[in-house]
Structures are given as structure tokens and as C-alpha cells.
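K.L.:
Bring the two chains, given one by one in their own frames, into a single complex with the hints.
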Amino acid sequence: MQIIKEDVLILGGGMAGLRAAVAAAEYNKNISVGLVSKLYPLRSHSVSAEGGTSAVLSPKDNFDLHSYDTIKGSDYLADQDAVEKFVRLVPEQIYTTDHWGCPWSRNPDGTISQRDFGGLSYPRATFAADKTGFHVMQTLFSRALKYDNIHIYNEYFATSLIVENNSFNAITTINLKNSEYTVFQGKSLIFAAGGAGRLYQFSTYAHSVSGDGDAIAYRAGLPLKDLEFIQFHPTGLVPSGILITEAARSEGGYLLNNEGKRFMEKYAATKLEKAPRDIVSRAIMWEIEAGRGVKGKYGDTVYVNLDLRHMADILEEKLPMITDIAKRFNGIDPAEELIPVRPATHYTMGGIHVNNDTETPVQGIYGAGENVCISIHGANRLGSNSTNECLAFGNLAGVKAAEYAMSHSMPSLNNDKAKAEETRLWDDLMKRDGGENVAKIREDLRISMDANVGVFRTEDGINNGIRNIKALQERFKKITIGDKSKVFNLELEWALEVGFMLDLAEVIAKGAVLRKESRGGHYRKDYPERDDANFLKHTMATYSTEGPKFTYIPVTITKWKPAPRVY
Amino acid sequence: MSEKNYEFVVKRKDDNGKESYSSYEVPKDKISTVLEGLIYIKENFDQTLSFRYSCRMEICGSCGMEVNGKPRTACSTIVSQLGTDRVKVDPMKHYEVIKDLVVDMDPFFTKYSEGLPYIIREGEEDYSSEIPQTPEQFKEYEQYSMCIKCGLCMAACPIVGSDEDYMGPAPLAAVLRYNKDNRDQGSKYRLEIVDGDEGTSRCHFVGECTEVCPKGVDPSFAIQRLRMQGVRYELGKFFRRRK
Numbered sequence: 309m310q311i312i313k314e315d316v317l318i319l320g321g322g323m324a325g326l327r328a329a330v331a332a333a334e335y336n337k338n339i340s341v342g343l344v345s346k347l348y349p350l351r352s353h354s355v356s357a358e359g360g361t362s363a364v365l366s367p368k369d370n371f372d373l374h375s376y377d378t379i380k381g382s383d384y385l386a387d388q389d390a391v392e393k394f395v396r397l398v399p400e401q402i403y404t405t406d407h408w409g410c411p412w413s414r415n416p417d418g419t420i421s422q423r424d425f426g427g428l429s430y431p432r433a434t435f436a437a438d439k440t441g442f443h444v445m446q447t448l449f450s451r452a453l454k455y456d457n458i459h460i461y462n463e464y465f466a467t468s469l470i471v472e473n474n475s476f477n478a479i480t481t482i483n484l485k486n487s488e489y490t491v492f493q494g495k496s497l498i499f500a501a502g503g504a505g506r507l508y509q510f511s512t513y514a515h516s517v518s519g520d521g522d523a524i525a526y527r528a529g530l531p532l533k534d535l536e537f538i539q540f541h542p543t544g545l546v547p548s549g550i551l552i553t554e555a556a557r558s559e560g561g562y563l564l565n566n567e568g569k570r571f572m573e574k575y576a577a578t579k580l581e582k583a584p585r586d587i588v589s590r591a592i593m594w595e596i597e598a599g600r601g602v603k604g605k606y607g608d609t610v611y612v613n614l615d616l617r618h619m620a621d622i623l624e625e626k627l628p629m630i631t632d633i634a635k636r637f638n639g640i641d642p643a644e645e646l647i648p649v650r651p652a653t654h655y656t657m658g659g660i661h662v663n664n665d666t667e668t669p670v671q672g673i674y675g676a677g678e679n680v681c682i683s684i685h686g687a688n689r690l691g692s693n694s695t696n697e698c699l700a701f702g703n704l705a706g707v708k709a710a711e712y713a714m715s716h717s718m719p720s721l722n723n724d725k726a727k728a729e730e731t732r733l734w735d736d737l738m739k740r741d742g743g744e745n746v747a748k749i750r751e752d753l754r755i756s757m758d759a760n761v762g763v764f765r766t767e768d769g770i771n772n773g774i775r776n777i778k779a780l781q782e783r784f785k786k787i788t789i790g791d792k793s794k795v796f797n798l799e800l801e802w803a804l805e806v807g808f809m810l811d812l813a814e815v816i817a818k819g820a821v822l823r824k825e826s827r828g829g830h831y832r833k834d835y836p837e838r839d840d841a842n843f844l845k846h847t848m849a850t851y852s853t854e855g856p857k858f859t860y861i862p863v864t865i866t867k868w869k870p871a872p873r874v875y
Numbered sequence: 113m114s115e116k117n118y119e120f121v122v123k124r125k126d127d128n129g130k131e132s133y134s135s136y137e138v139p140k141d142k143i144s145t146v147l148e149g150l151i152y153i154k155e156n157f158d159q160t161l162s163f164r165y166s167c168r169m170e171i172c173g174s175c176g177m178e179v180n181g182k183p184r185t186a187c188s189t190i191v192s193q194l195g196t197d198r199v200k201v202d203p204m205k206h207y208e209v210i211k212d213l214v215v216d217m218d219p220f221f222t223k224y225s226e227g228l229p230y231i232i233r234e235g236e237e238d239y240s241s242e243i244p245q246t247p248e249q250f251k252e253y254e255q256y257s258m259c260i261k262c263g264l265c266m267a268a269c270p271i272v273g274s275d276e277d278y279m280g281p282a283p284l285a286a287v288l289r290y291n292k293d294n295r296d297q298g299s300k301y302r303l304e305i306v307d308g309d310e311g312t313s314r315c316h317f318v319g320e321c322t323e324v325c326p327k328g329v330d331p332s333f334a335i336q337r338l339r340m341q342g343v344r345y346e347l348g349k350f351f352r353r354r355k
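These protein sequence lines map, in sequence, to chains W and F. Take the first sequence: its position 77, counting from 1, is numbered 385 in the working numbering, and each next residue is one higher. Take the second sequence: its position 205, counting from 1, is numbered 317 in the working numbering, and each next residue is one higher.
Here chain F stands alone, though its shape is the one from the complex (with noise of 0.2 Å):
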């Protein structure tokens, strides 16, 4: 291979559910990003190579695959950091394949969604103001609000891998997200949920979740967070129960 070249290697599974790997040689003056690389493998060499891609800026959350071993959004890892001239791209594990690197989303989202990762207040709303929020009410929940739904936290998940009922480090950021904003009402609800079997107590805090997030939350420590969050409940429970 020639030094003005990376070697792209990716992985690929076709109509029929055959895998395999392609490579492609893509000049380095040409491309910056691992997106960028495939593009250019799809506009020049290969019409057939699949992958999902949108804003490339690293905030719609479509391009989340696995770049050297390693769950990555393509958009923002910059290949000539990568510390080899060749990159090897598998979509992310954990998640069915569709085609390629496209992988079926929808189980993801199903989980997310099932800790109503939403505000929830009673009664009527009145719509004609704010409610206020100082900004150290907002520190409160900031990060986790960053969330860009990539799903690499839960490709890089143990738990997620061999439990599938689990919801998972996103999911479970999520529903702490909601929980420590000052204008919702909901926590008792999503406690409920996330208290029960397949919620925070099957989180091993091997933090591998934490450590692939490209937007710096950290469901790690949300998860201990909405575990503490989940004693205090369950207590509070009890004594209003005894009175």
C-alpha cells in the first residue's frame, strides 16, 4: 500500500445475510474524517457500501460504528489520529446488522422511550411564562441533556451484550436527566421503572459506557446516581406506608 494512502477495511453483510470484509485505499490528501472516507469509498469505488451518515458534526447521532475495535461516531474521529494508516469499520455491536454498517435502530429507541425520558408535571399548564430554572438548577441535569442518542454507549456495553432485556446506559442517563430537572414531576413514576429488573441494578459500573460517550456524559455515574435516587425512594416509601 502506498504511503499517500490509508487502508479502509469494512466490514460487509449483503442481501442474503453474507459477511465479509472490502478494502479500499483512499488518499490521504482526499478525506479528514472516517465519514469522509467513506463517502469517498461509495462516490469512487464502491456504489454499493451502505452506512448512515447526516449532519457530520457530530450532533445528529447517525454514524455511530466501531472504528478499530473501538465505538466511534465516523463524522468526528479524525483518521490521521487514529495512530495507523489502517482503519478497520464494523458497525457497532450489540444491535442487529441491517446492511453493512447500517444496523437496526429501533430496539434502541423502544428501551429509550420506556423510561418516559420526558417532562412530566400534574394538572394544567399554564403557558404564558417560564419556569424558572437557575443556572446551578440546570448544572444539575447539563450533561446528561447532551445526549445525541448515538447508541455507541450501549455497543460498548457488557451488560447490554449478553442481557437484552437491559435497558441500558443511554436509556438510564435519560431517565436521571428528567429526574433532577426542577420543572418535572415525574421521578416517581420512572423510578418505578428503572428500580425493577432490568433497570440500574444490572449496571456492573464497568464504566465503558462513560468512556466511549463523544459528548462527555457520563451514564456511569447517572446510573449510581438514579440508584441512590431509587433507595431514597423505596425508604420514603416505607415510612409513609407505616404512618
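Only chain W is shown next, with the shape it has when bound in the complex (with noise of 0.2 Å):
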């Protein structure tokens, strides 16, 4: 057993965790950072996002519609007071990030312009093009690179959280490049894991999103919130998945039908292709459903054309890596042709449970962005208002575990626990010998993730879903890891993330089940309607060895009150 030890730790190196990192590292020079990833931390899905990131830089725009928006467009479920927090912290990360080298695309002026997205009254997008994650991750990561107290753990795969006393004692890592058994020791820490979207086959998540962070805390008994709300996002490319910006509806691309005819307007008759994720989203499904959907060259997914055709002029500077990667992965150039497109796993809303400090339950353990919910989104986050969080709660996350660290001494290690724990990933997961592949039961639980637990849900169709999840659970306990090497060991971090994923996939299904209502990104066909008299209310699911415990607590209204959500 190999320990190290850091005053604060972050789990995770996408752009909350290495936004934590630099806020912590500048906290205090004296303060040593750990940044612990499974990955490079350049590797992380946040380099994906592409879109844009909202912030109230204009005089025009005000903090209270930017909330406004993000409460609406959560279906009322987020907590206004956290949203009033959130908005009101954007800015100076856009001008910080800008003075870190933040290629923010510019007015003429030189200033930093801003565009339209999905649900905003105001366009107040900021943007680098169509790679704003990856503009901003290169940004954060050269800064990370200036201070000498940042000390990054490339390849360090977490396997478990320990907390003693309601306090934070360790995290348990592999070391990929050795399968090093490596416990990190801190005063506190950071989950900063991302989200959890490839649960599910249909998807625009990176591999590498397996869920881990929520997984581990959940296990370590801290509350997951709200985990059942999946966004799909309308547009994942067919048959990749990958991302198309919301971007490209937001100036002005159509979505069109068999038929070749826009259908936006009877499902949200005044926003059109610009309405929410979740309502177009719906729609194309209705669509499909309808026998409206396209059937072409990609075997038997049907899907509906999202038409740029008429913006050929701005598709280079406004859109350029979508028109790329279309040309690139489907031999299509959009300035003349229609993109295949159909909703696909996006962004986990739901997340460990953290209030308006990004604190958890549990002292000295702290989270950012798609790992965590505080909540902002809600039932459905809106477009642009992720990357901008993972900057504002990252940076405050870090102030806080830095502080934490600076008044709290390094506890001892519980022993017992990081043996066990040990014994757990050697003696029994490697030992395994019951011929189930992993490989399979993951394909499995995609499959009927993306069936049962969908954009469309139902009773019936949700526990079919939990019966597999089930199944799924027990031939896990039956897997042969069939690569027995110390080196880079794929096949074991595969069966780690399954384990994981199979844990959480209940926590969804079970939460969705009891989630008698549509909000947001669940929809019910039973239950088709908003029911604020006994579901406005945030779901909390605690680990128990029989499964998910479910409790709920309170939303957060201040100024505005739940109504009809029309776009």
C-alpha cells in the first residue's frame, strides 16, 4: 500500500476540478493540492462542451433573468437561492478566464461577444467558437501548470471514499500504470468527477464518464439528489452520439421530419428549434413515434435532419468543429447536406447532494459541477449554464476546502477501512471466476437504461428496467476479469466503472419510479403532468445494503413562484 498525502484533494481533473485546483493552489502557496484523475486531466469530457457558457455581462441583461431562465427552464425545481448565488458569481470567472488567455470569441471592438441558446431571454451565451470546454480546459490547465503546490496524479483510478467520524479520511486509488494499491490522505477534498451519462448506449458523453465520483460517495453513504432527471440533448450525431451544438439551432439551424417539414411549432410555438433541451428533445421523439422520423443509411435508428444548410455562410466561424466533425465522422458537409441527429444522454442533473457552499453532508468533503447537485438545474438544465457553474462553484469549492484545510489537521488513517478495501479489489473483484464478461453486462444495462429509463418513461417500462438492472447486479458478482496483468490494466478499471454504473442505474430507475410526474427531463407517460402539490420536492437517495433508501427535502423558492412552464 502506497500513501500519499496532500492538504486538499480533488477527485477529478475536467474544469470544475482543475477550476478547484487553482482557486485552493492561490488560496494559500503554502497549501499543497492533489489533483487525482483517472485520466489526463486534458483527457476529461469538459473539453467537449462546445456551445457556450452564460454570464450577465451586458448592461441589458440583468442576474434576475439569467435566474429567472434557469429557474424556468428547470421546471422549478431548482433552488432559487442557490440560482440568485450562481448567477451573481459568473462574470468575473468569463474576465478571469479571459485575463488566464480564454480565447473568448470577440465583437470587433475586441470585447467578448455573446449569442443566443436554448430557453435564454437574453443572449448571453459567452463562447470560443464551438469549443468552449475545450478553450476553457486549456486555460485552466495552463494556469494549473504556474504553481508549484499543484501536484497532479495522472491515471489514478478512485475506487472507494473513506469518512470517519462524518469526516473525511482517504480516498483509495489504483494506480493504472502499475496497479499500484495508493491511498490518498487529505484534511479535504473535492469530488469533481463529472457526471454519469454513459449509463446509457445513446449518448454524447466521452468513455470516460462512468459516473465514479457519485458512485463512490454514495457508498460511502453521502445523499445523491436528484439523480432520475438524465438530460437528453436533442442533437447527438447518428450513429456516434457525438454533440451537435445547441449552438447550431440557437442561430438558426431547423430540425425537419420525414416529410422534410419543421414540427417545432407544435411543441413549443414561440421559442421553436430555440425552446429548452428537454421540450425539443420530446418533441422529436413524438415525432419518431408518429412514424415522422427518418429511416436513411444507419441501419435501423431513425432520427429527424437538423437543416444548416441555409447558414453555409457562418458555419466556419461560428460553427466550425460541428461542420468538421460531420464531414469527418459521416462524409457530410452541412453547408449542402441534412446531419442525422436524435436525442442522446447528455448531463446528469442530479448528483451528491451539496448546499449553496458546495459542502456536503460531511465535514471537509466538498464538490463542483456535473458530480454534484446543488441545486441550479433543477429537472433540466439549460444550455450554457454548465461550463459556467463548474467555474463559479469550482473556484468556491476550492476557496472552501483550502480553508477547511488551513484550520484542520491531517487525520489518521482508518487502517482498517483502506485494507478492507484492498482485500475487496484483489482478494475478491481480480479472484472473480464465474465467466461473465463485463464487457456484456455494460452493453446490457446501456441497452435497457436507454429503453426503460428514456426521454419517455412509464411504470411498467422503469421497473423492467430496475428487474434488469437487478439481473445485471447479479451476474456481476459472477464476472472473470480476464486480463490478470499489473500494467494498465483496462479490463479491471472497465469492471470498477461497471460496478459503479450498475449501483447508480438503480438509484435512477428506483427514483424515477417514484417520481409520479413529468418535470424537466422526466417525463412520465402515466403521470404526463407537473405535480407541484406532492412533487416539488428534491429526491435523496442514501446507500443501504438492500439498495437505495429514498428520502426528499424541500426546494428553495424566493422570488419566483412555480407556473406553467410555455416556451
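It should be emphasised that the hints constitute simulated quantities derived from the structure, not laboratory data. The model shown is predicted, which means the values in this text are computed figures rather than measured ones. Wrong hints could be hidden among the right ones.
To be verified - In silico lysine-lysine, PhoX-like type, Cα no more than 20 Å apart, as pairs:
id, chain 1, residue 1, chain 2, residue 2
1, W, K635, F, K327
2, F, K123, W, K485
3, W, K845, W, K857
Said to hold, decoys possible - What the simulated footprint calls covered on chain W by chain F, stretch by stretch (three residues with Cβ under 8 Å from a Cβ of chain F suffice, anywhere in the stretch; the number is not a length):
id, region
4, 437 to 446
5, 449 to 456
6, 629 to 639
7, 790 to 796
To be verified - Not the full set, but computed from the structure, chain W residues with beta-carbon under 8 Å of chain F:
id, residue
8, L350
9, R351
10, V355
11, S356
12, L397
13, E400
14, D406
15, P411
16, G418
17, K485
18, H515
19, S516
20, S548
21, G742
22, G743
Beta carbons are placed, not taken as given, at the ideal position from N, Cα and C, and that holds for glycine.
P.N.:
Spelled out as C-alpha cells, the structure:
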């Protein structure tokens, strides 16, 4: 067992993690910051964020408007005090990252430019062409290189969290390079390990997004909040699922059914293609269910078409990456041809429960970004409201965790728990030999989640999904990890991820079956209306050996009374 | 081999350092990219195969490898466009191989950070507004900001292969990226570093780096521009001393 000690530990090297690392390192140069990632940080999924990040920068815009858009977008499940705090934290982060080198797209006079996005009442999406996440990530990574007190631990796979007396104790990892079991001790920890979208088959997510952070926290007793709310982005490229940015529609793109007709007027009469993602995704699925989907050269996959042909003149400047992606991966030139798209999992609204100061219920543990749920996104995140969250709350979590580390000493390691985890890994997991293939279990899980806990949900469907998850959990007990290598054992990594995914799938599905209403990304065909009387509340799932235990906590309402959500 | 399959020939290296090639037949209708082929192999034929991947959309830089002798990102290499049904996959050259197609990227990132690849500004910062930068000023460094740190250029560069101390194409292109950003005030520090023996003077302008870059970055031209900057900087230093 290898032991590494850092004052502040951060799990995850994406946008929230890097922002937190820089914040903690700047807070006090004497604090050591350990950033632990199963990847090299720049490989994190944050680099795939495309269209933009909302910030109130113009005198014509204001914080109430950004708050209102976010809250209405959330289908009133967001905590309004959290949202009001959030929108006020964002502008400084845009300017800060500008000073650090982020190439935010500009107006001719050199000021930062903004554009429209789904569900916005003012065009406040700040962007770096359609590579916003990529450029912000390069910027934060570059900034992190400046600080000697940031230590990046590349390719350490986190397997568990150790909590002692309701305080942070340690995280256990495997160093992928040599399979050395490595325990990271710290005074404080920030969860910033991203979402869980690869529980599904058709997904815009990077392969690496398997919900590790959520699952590790959950198993250690931290509650997961609102995990049944999964965002489906309307325009995942068929067949790969690669994201075609919402900016394609906010800049003027059309969605067409198999009759070549625009159909959004039926579903969002005013906003049309610029309606929020949950609404557009459902519209596409209704069209497909009504037999107006397109079936072409992509096998049995039914989809709709995204039409950018009338925007050929702006593709290179405003949408260069998706233009290139369509050409490279599909051999399609968007200036002349239609792009095949369908809804794909894109964001995990739920996550580890944290308060407005990024604190979890466990002393010394904080969290930011998609890994956690504050909640500012409620039942549906607005496009352009994720990378700004990573910046605003990543920064805050970094400061909070640094403050905590300054006033606390290093806890002594709970050796029993650390040893028990080591035993679980090498003597249980690696030695299982029932012949079940991890990749097959994963594939079966994804297919079931797509079919049963997708854009449209019903009680029967979800229950079917839960039965499948139970069966897959049994199969998982009988896996054989066919690779016994001690060096970069990818099969072991897959096995650990699938174990996490099965736990989270259960939380998602069981939370979904209990929520007998439709709100944001959670749509129940058997309960098609929002039910504020019974379900204007957050779902909290807590681990037990028999499966998740559910409780509920109220939603904080400040100025905006829940109202019908019409676009 | 059936016409319905591609033949993947993949370089292997096990825990004991033993090297070999493994051959797999991958159905053409199941995959499109080289990365999908490798995932298919691992899921269906061989659990022991290791490789790196993440975004599968050519933006994270994980899956640099050699495909039929050319450094490429596996996720954006379409197999049907290779002009052959035989796909030979090797780890990137000029890196130490950890296992199979997984190479040690630490030396790359160490070299990358040597050139101070971040904005350097003097004095206290005021984060209450942006630093103006016109679209024309952005164009000065735009292409160099597109580097995804896949490291393919290092695998292609013959100098990197023969001189392990040479900084190499991506790290030097990053230096120009920051030197050309009007918000930066740190050129003088970077030019002191890259003017040294292990910097721009080592480049022979073969241009292999530019050819293999999947993101259209032209490190070769960047290094030429850096040399010019270096010459101007040295002259300036000389004249300042004479005054």
C-alpha cells in the first residue's frame, strides 16, 4: 500500500476540478493541492463542451433575468437561492479566464461577444467558437502549470471513499501504470469527477464518464440528489452520438421530419428550435413515434434531420467544429446536406448533495460541477449553464476546501477500511471467476436504460429496467476479469466502472419510478403533468445493502412562484 | 480472411516487456473508426488488450497511435478510408511503451510545461472586465491554440527521435501561442528558454509534425516564427546593452 498526503485533494481533472485546484493553490501558496484523475486532465469530458456559457455581462441583461431563465428551464425544481448566488458568481469567472488566456469569441472592438441559446431571454451565451469547453480547459490547465503547489496525479483510478466520524479520511485508488494500491490522505476533498451519462448507449458523453464520483460517494454514505433527472440533448449525431451543439439551432438551424417539414411549432410555438433541451428532445421522440422519423443509411436507427444549409456562410466562423465533425465522421457537408440527429444523454442534473457553499453533509468534503447537485439545474439544465457552473462553484469549492485545510490537521488513516478495500479489489474482484464478461454486462445495462429509463418513461418500463439492473448486478458477482496484468489493466478499470454504473442505474430507475409526475428531463407518459402539490421536492437517495433508501427535501423558492412552463 | 472483415494487426507488450503482434478479424459493418475497432476487439475477442481513449471526437487527445505506419488519433481515423482492409496498429514512436498501445505521456507534458505555456502578466490583476482582443489579434495565435496535446507531432518528428532533450513541436508551438497573445507579457522569459540548445535551433524544418497534426496546427511554421522572434529579441537585448 502506497500512501500519499496532500492538504487539499481533488477527485477529477475536468473543468470544475482544475478550477478548484487553481483556486485552492492561489488561496495559500503553502497549501499542497493533489489533483487525482483516472485520466490526464485534458482528456476529461469537459473538453467536449461546445456552444457557450451564460454570463450577465451586458448592461441590457441582469441577474434576475438569468436566474429566471435558469429556474423556468429547471421546471421550478432548482433552489432559487442557489441560482441567485450562481448567476452573480459567473461574470468574474469569465473575465478571470479571459485574463488567463481563454480565447472568448470577440466583437470587432475587442470586447467579449455573446450569442443566443435555448431558453434564454437575453443572448448571454459567452463562447469560444464552438469549442468553449476545450478552450476553457486549456486555459485552466495552463494556469495550473504555474503553481508548484498543485500536484497532478495522472491515471489514478479512485475505487472508494473513506469517511470516519462524519469527516473526510481518505480516498483509495489504483495507480493504473503499475496497479499499485494507493491511498490519498488529505484534510479536505473536492468531488469533481463529472456525470454518469455513459450508463446509456446513445450518448454525447466521452467514454470515460461512468459516474465514478457519484458512486464512490454514495457507497460511503453521502446522499445523491435528484439522480433520476437525466438530460437528453436533442442533437446527438447518428450513429456515433457525438454532440452537435445547440448553437447550431440557436444560430438558426431547423429540425426536419421525414416529410422535410419543421415540426417544433407544435411543441414550442414561440421558441421553436430554440426551446430548452427536454422539450426539443421530446418533440423529436413524438415525431419518431408518430412515424415521421427518418430511416436512412444508419441501419434501424430512426432520427430527424438538422438543416444548416441556409446558414452556410456562418458555419466556418460560428460552428467550425461541428462542421468538421459532420464531414469527418459522416462524410456530410452541412452547407449542402442534412445532418442526422436524435436525442442522446448529455447531462446528469443530479449528483452528490451539496449546499450553496459546495459542502456535502460530511465534514471536509466538498463538490462542484456535474458530479454534484446544488441544485441550480433542477429537472432540466439550460444549455450554456454547465461550464459556468464548473467555473463559479469550482472556484468556490477550491476556496472552501483550502480554508478547511488551513484550520484542520491531517486525520490519521483508518487502516482497517483501507486494508478492507485492498482486499476487495485483489482478493474479491480480481479473483471472481464466473465467466461473465464485463463489457457484455455494460452493453446490456445501456440498452436497457435507453429502452426503459429514457426520454419517455412509464411505470412498467421503469420496473422492467429495475428487474434488468437486479439481474445484471447478479451477473456482475460472477464476472471474470480476463486480464490479470499489473500494468495498465483496462479490463479491471472497466469492471470497476461497471460496478459503479450498476449502483447508479438502480438509484436513477428507482427514483424515477417513485416520481409519479413529469418535470423537466423526467417525463412519465403515465403521469404527463407536473405535480407541484406532491413532487415539488428533491429526491435524496442513501445507500443501504438492500438498495437505495429514498427521502425528500423541500425546494427553496425565493421570487419565482412555480408557473406553467411555456416556450 | 473474409471480405466482410477488416484484419487488425495490433502491437502488444506484456508485463514482462515481451513484444508481439496479435491479429483479429473485425466485421466491417460493426465499426467505423480504428478506435471502434479496438473497442470491438476488447469487448469481443481479447480482454487483455489495453489502449487509451475518451472523447471519441478528436478533442481530448487520448488515442494517439500509429495506424499503418502513420501517427494518428484512432478515434478520427475512418477505417474504410485507409485504402486497405489491413489495419496495423502500433504505439506512437519516440515514447516509452507501458503496455500494448499505451505509452508514457509524462515526458511529453514535462517538456510541454518547460516553455511556460500560460499567460504571464506583470502587476496586480483586475478581473472586473476583459482585456480587449480584436478578432485580428486572435487570428495571430488562433491555430496554435487548437493543439489537443495528443503528442502525434513528437512521434513524427525525426529530431525528437534522435535527441531526447529537444523540446519538440507541440511544446514550441505552445510557446508561440502565448507569445502571440496580446494579453501576455511573458515573451522575454519564454524566448530565453527556447533559444537554448534544446529549443528552436534543433528543428530542421522537415515538416513531419505539421503533416500529422489532426487539428491543423503548423508547428513547423510556429518554430520558424519563434526563431525570428528570438533573433529580434537578441538584437534588442544587444542594442539595449549598448545604450
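K.L.:
Mind checking the CB of G742 of chain W against every CB in chain F and telling me if the closest is under 8 Å?
P.N.:
Where the cut-off is 8 Å and the nearest Cβ of chain F is about 14 Å from G742 of chain W, the hint is violated.
K.L.:
Test coverage of the region 790 to 796 of chain W by chain F using CB-CB distances below 8 Å; three residues minimum.
P.N.:
holds (count 6)
K.L.:
Do the numbers back the hint for D406 of chain W, that is, is its least Cβ distance to chain F under 8 Å?
P.N.:
This hint holds: D406 of chain W lies near chain F, its Cβ roughly 4 Å from the closest one there, short of 8 Å.
K.L.:
Is the Cα-Cα distance between K123 of chain F and K485 of chain W 20 Å or less?
P.N.:
The given pair, whose Cα atoms are some 18 Å apart, holds under the 20 Å limit.
K.L.:
Please work out if K635 of chain W and K327 of chain F have their alpha carbons no farther apart than 20 Å.
P.N.:
14 Å, holds
K.L.:
Against chain F, run the beta carbon of S516 of chain W and see if the smallest gap drops under 8 Å.
P.N.:
5 Å, holds
K.L.:
Would you check the hint for K845 of chain W and K857 of chain W, treating anything up to 20 Å between C-alpha atoms as holding?
P.N.:
16 Å, holds
K.L.:
Less than 8 Å between beta-carbons is the criterion; does P411 of chain W satisfy it with respect to chain F?
P.N.:
6 Å, holds
K.L.:
If you take the shortest Cβ to Cβ gap from E400 of chain W to chain F, is it below 8 Å?
P.N.:
5 Å, holds
K.L.:
Holds or violated: is the Cβ of V355 of chain W closer than 8 Å to a Cβ in chain F?
P.N.:
5 Å, holds
K.L.:
Quick one, is the H515 of chain W hint okay against chain F at 8 Å, beta carbons?
P.N.:
6 Å, holds
K.L.:
Can the hint on G743 of chain W be confirmed by a CB-to-CB distance to chain F that is less than 8 Å?
P.N.:
Violated. Min distance 12 Å.
When each numbered hint is compared with the structure, violations occur for hints 12, 21, 22.
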